[in-house]
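> So you can see what is in the structure, the chains are spelled out below.
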Amino acid sequence: MSEGYLEAIQKAFDSKLMAFGSTNSIIIALENINAPTSADKPYLAGYLLPTEVESADLYFTDRRDGVYQVDVNYAQSTGSSKSNAMNDKLNAAFSPGSDLSRDPVCVSILRVVPGPLIVENGWAKRPLSIYWVTHTERL
Amino acid sequence: MAEFFKQVSEFATKAKISNERVMRGATIKLFSSVIMATPVNQNPTQHGGGLRANWQLGGSSPASGVVNAFDEGSATASGVSSGVASATNWHEFTLANNKPEASAVEFGGYPKTPKKGSKVSKKGVKPAEYKILSAGGFSSAAPRGMVRVNAARFDAIVEQMARAQR
Numbered sequence: 001m002s003e004g005y006l007e008a009i010q011k012a013f014d015s016k017l018m019a020f021g022s023t024n025s026i027i028i029a030l031e032n033i034n035a036p037t038s039a040d041k042p043y044l045a046g047y048l049l050p051t052e053v054e055s056a057d058l059y060f061t062d063r064r065d066g067v068y069q070v071d072v073n074y075a076q077s078t079g080s081s082k083s084n085a086m087n088d089k090l091n092a093a094f095s096p097g098s099d100l101s102r103d104p105v106c107v108s109i110l111r112v113v114p115g116p117l118i119v120e121n122g123w124a125k126r127p128l129s130i131y132w133v134t135h136t137e138r139l
Numbered sequence: 001m002a003e004f005f006k007q008v009s010e011f012a013t014k015a016k017i018s019n020e021r022v023m024r025g026a027t028i029k030l031f032s033s034v035i036m037a038t039p040v041n042q043n044p045t046q047h048g049g050g051l052r053a054n055w056q057l058g059g060s061s062p063a064s065g066v067v068n069a070f071d072e073g074s075a076t077a078s079g080v081s082s083g084v085a086s087a088t089n090w091h092e093f094t095l096a097n098n099k100p101e102a103s104a105v106e107f108g109g110y111p112k113t114p115k116k117g118s119k120v121s122k123k124g125v126k127p128a129e130y131k132i133l134s135a136g137g138f139s140s141a142a143p144r145g146m147v148r149v150n151a152a153r154f155d156a157i158v159e160q161m162a163r164a165q166r
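Quick note, the sequences are listed as chains A and B, same order.
According to our numbering, the stretch in the first sequence is residues 1 to 139, in order.
According to our numbering, the stretch in the second sequence is residues 1 to 166, in order.
Be aware that one or more of the hints could be misleading.
Unchecked claim - In the DSSO-like style, the derived pairs of lysine-lysine whose C-alpha atoms are separated by at most 27 angstroms in a straight line are: (1) B/K115 <-> A/K41; (2) A/K41 <-> B/K116; (3) B/K112 <-> A/K82; (4) B/K112 <-> A/K89; (5) B/K116 <-> B/K126.
Keep in mind that the hints were calculated from the coordinates and are not lab data.
Predicted, not measured: the structure shown is a model, and the values here were computed from it.
Whenever a hint applies, use it, and build me the whole structure from the sequences.
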């Protein structure tokens with residue numbers, strides 16, 4: 001196994017988000033890496049929110065589900081249109097029914113749900129929840 | 001929730017087990033998990049448990065308004081579970097929380113890099129004490145939020161309940 005399951009799941013999403021940022025010319029902040037503090041630089045922040053690991057059968061397989069949250073951050077008082085447009089692009093990139101593969105996992109995207117616009121500390125953030133599932137060999 | 005019922009119903013029909021028992025059981029498990037994942041305010045200068053106590057059970061329409069109650073334990077989860085178990089109409093349930101801080105807890109709406117944190121010393125105490133109660137925008141007591149990480153387990157919960165009913 002090249003890397004642990006959890007790390008592979010996180011990297012599968014993070015690398016897809018990094019590629020998305022490069023294509024769409026927007027800064028990406030990954031977990032535990034500093035985000036921009038100046039509100040004139042819009043950015044996307046990705047977080048992995050895994051749930052409990054559960055048995056998928058009697059002996060061999062674990063089921064892992066969770067949410068990969070992408071915060072779309074624009075400056076406060078700039079309306080919602082740019083944020084909404086970016087959410088749509090993210091939805092197309094992480095489309096429900098598609099898979100992300102990174103050895104040793106293949107993560108299926110189940111659904112994508114935009115959240116409320118949260119305005120705070122000079123930023124307007126709309127979180128996008130990407131629900132995922134994967135099955136792995138029991139550790 | 002209508003889709004929730006349809007999925008449970010299809011699963012239960014295939015497995016030849018009671019729709020009603022799976023629906024009620026899965027709902028109780030899901031709602032209890034959400035309620036118990038709800039953080040209780042760790043600031044000693046404030047009354048804790050207001051957010052947890054504000055989970056309200058509804059039928060097809062979610063409950064509205066905020067209740068003035070506090071729960072640092074499992075009273076709300078017990079109450080909601082009893083409501084699900086005894087409701088006449090078991091086809092549709094909703095769980096709502098209308099407290100304003102709910103979205104910050106769920107989506108990580110607190111400052112990513114708090115400077116001082118929350119004031120935790122009583123009024124008049126000098127120097128004032130501050131404590132950082134969040135990390136990466138999420139409450140330290142609920143670093144993955146409350147609802148979505150449990151909703152993501154929906155299929156697994158239904159399967160568990162169906163196995164238990166066989």
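> Does each hint fit the structure? Answer for all of them.
So, going through the hints one by one against the coordinates:
With a C-alpha separation of about 21 angstroms, the suggested pairing of B/K115 with A/K41 holds against the 27 angstroms cut-off. Under the criterion of a C-alpha separation no larger than 27 angstroms, the hint pairing A/K41 with B/K116 is consistent with the structure, at around 24 angstroms. Of the pairs offered as hints, the one joining B/K112 and A/K82 holds, with about 22 angstroms between alpha carbons and a cut-off of 27 angstroms not exceeded. With a C-alpha separation of about 25 angstroms, the suggested pairing of B/K112 with A/K89 holds against the 27 angstroms cut-off.
The hinted pair formed by B/K116 and B/K126 meets the criterion: a straight-line CA distance of about 15 angstroms does not exceed 27 angstroms.
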